[in-house]
Amino acid sequence: MSDAKKVFESMLGRFDADEADDMAAIFQFDLDDADSYHLSIVDGQCEMGEGEHDDPTVTLSMDLETLKAVMSGDLDGMAAFMQGKIRADGDIMLATKLTQIFPV
1 MSDAKKVFES
11 MLGRFDADEA
21 DDMAAIFQFD
31 LDDADSYHLS
41 IVDGQCEMGE
51 GEHDDPTVTL
61 SMDLETLKAV
71 MSGDLDGMAA
81 FMQGKIRADG
91 DIMLATKLTQ
101 IFPV
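Residue numbers 1 to 104, in UniProt numbering, belong to the letters of the sequence shown in order.
Note that these hints are calculated values from the structure, not bench results. A few of these clues could be false.
Here are the computed lysine to aspartate or glutamate pairs in the DMTMM-like style, where the Cα-Cα straight-line distance is at most 20 angstroms [said to hold, decoys possible]: (1) K97 <-> D3; (2) K85 <-> D35; (3) K68 <-> D3; (4) K5 <-> D18; (5) K97 <-> D74; (6) K6 <-> E50; (7) K97 <-> D18; (8) K6 <-> D30; (9) K97 <-> E47.
Please model the complete structure; the sequences and the hints are all you need to start from.
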């Protein structure tokens with residue numbers, strides 16, 4: 001199993017359905033140095049998909065190390081965005097909720 005897939009499976013295990021209540025969103029993750037994945041959140045459930053989604057709500061582009069650091073709590077997502085380590089397209093405000101939906 002790839003390192004990227006391990007990160008996303010770990011995120012699924014930490015999914016907080018209460019934080020995602022009433023949310024319908026698709027987070028697309030385009031990793032510079034690994035395969036792309038997307039997480040679909042609908043009706044308090046989260047599913048992972050490999051590859052690119054046709055119509056993501058927000059697309060986040062970064063390298064795998066940045067994703068690992070943000071999702072482990074070692075790097076603040078907003079700081080990473082301000083430093084240019086994360087690029088976002090679409091509903092950028094939704095991206096700010098990522099660590100609430102998938103708490104460390």
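**Message:** For K97 and D74, compute the direct alpha-carbon distance and say whether it is at most 20 angstroms.
**Reply:** holds (16 angstroms)
**Request:** Below or equal to 20 angstroms on CA atoms is what counts here, so check K97 against E47.
**Result:** With Cα atoms ~17 angstroms apart, K97 and E47 stay inside 20 angstroms; holds.
**Pair hint outcome, K85 versus D35 [Cα-Cα no greater than 20 angstroms]** = holds (17 angstroms)
**Prompt:** Under the criterion that the straight-line Cα-Cα distance not exceed 20 angstroms, is the pair K68, D3 satisfied?
**Reply:** holds (9 angstroms)
**Prompt:** Is K6 within 20 angstroms of D30, Cα to Cα?
**Reply:** The hint holds at about 15 angstroms.
**Given hint E50 paired with K6 - CA-CA distance at most 20 angstroms** = Holds - the C-alpha atoms of E50 and K6 are around 12 angstroms apart, at most 20 angstroms.
**Asked** Taking only the CA atoms, is the gap from K5 to D18 under or equal to 20 angstroms?
**Response** Judged against 20 angstroms, a Cα distance of about 24 angstroms means the pair is violated.
**Message:** Hint check: K97 vs D3, CA-CA at most 20 angstroms. Holds or violated?
**Reply:** Roughly 23 angstroms between the alpha carbons, so the hint for K97 and D3 is violated.
**Message:** Tell me if the straight-line CA distance from K97 to D18 falls inside 20 angstroms.
**Reply:** OK: K97 and D18 at ~13 angstroms, within 20 angstroms.
Consistency note: the structure conflicts with the earlier hints numbered 1 and 4.
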